[in-house]
Amino acid sequence: MSAHPSTGPGATRVAPGRIELNPRPAHERLRLVVENTGDRPVQVGSHVHLPDANAALRFDRVTAHGFRLDVPSGTSQRFEPGVSREVDAVTIRGARRVPGIQRGKTDGGALGAVRPEPHEEQED
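So in our numbering the end of the sequence shown lands on 198, straight run, no missing numbers.
Note that these hints are calculated values from the structure, not bench results.
Hints may contain errors.
Claimed, not checked - Pair by pair, the computed Cβ-Cβ distance ranges are:
{"#": "1", "residue 1": "128", "residue 2": "89", "range": "35 to 43 Å"}
{"#": "2", "residue 1": "149", "residue 2": "82", "range": "22 to 30 Å"}
{"#": "3", "residue 1": "169", "residue 2": "137", "range": "17 to 25 Å"}
{"#": "4", "residue 1": "97", "residue 2": "171", "range": "15 to 23 Å"}
{"#": "5", "residue 1": "82", "residue 2": "137", "range": "43 to 51 Å"}
Each residue gets a CB set at the ideal place from its N, CA and C atoms; glycine is no exception.
Please model the entire structure based on the sequences and the hints provided.
Encoded structure:
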């Protein structure tokens with residue numbers, strides 16, 4: 075094993091200087107106040123479509139449509155019961171495909187400019 079964490083298996087080497095995670099223009103960023111109204115802690119992962127998050131979290135879900143938390147991939151934020159705080163969010167990019175965790179609530183299938191289209195299997 076190497077004495078230096080920047081060498082060896084799994085090492086990450088980056089160029090000198092500042093690295094900005096999730097660089098986005100202002101219109102692709104959002105600051106929300108989120109309050110956990112429940113009696114248990116709630117964790118929201120880095121790639122959760124915010125409107126699909128736990129119902130005990132109170133925030134403007136319509137405004138948050140198409141956004142996720144601005145945290146590194148694979149991490150989450152924990153919201154303690156009765157606590158309110160500001161969080162940063164960024165738009166979902168790429169193919170903008172988000173399988174919703176709570177089907178029928180916001181249906182985060184294909185995210186459109188304002189609202190997602192329904193999944194084919196949901197159409198009756």
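Exercise. Taking 22 to 30 Å as the hint, is the beta-carbon distance of residue 149 and residue 82 inside that range?
Worked result: Given range 22 to 30 Å: holds, Cβ gap about 24 Å.
For this session: Using the Cβ atoms, figure out if residue 128 sits within 35 to 43 Å of residue 89.
Result: 39 Å, holds
For this session: Hint says 17 to 25 Å; check whether the CB-CB distance for residue 169 and residue 137 agrees.
Result: 23 Å, holds
Problem set entry | Status of the given 43 to 51 Å range, CB of residue 137 versus CB of residue 82 | Once the Cβ atoms are compared, 45 Å apart, the range 43 to 51 Å for residue 137 and residue 82 holds.
Exercise. Would you say the C-beta atoms of residue 97 and residue 171 sit inside 15 to 23 Å of each other?
Worked result: 22 Å, holds
In this structure, none of the earlier numbered hints is contradicted; all agree with it.
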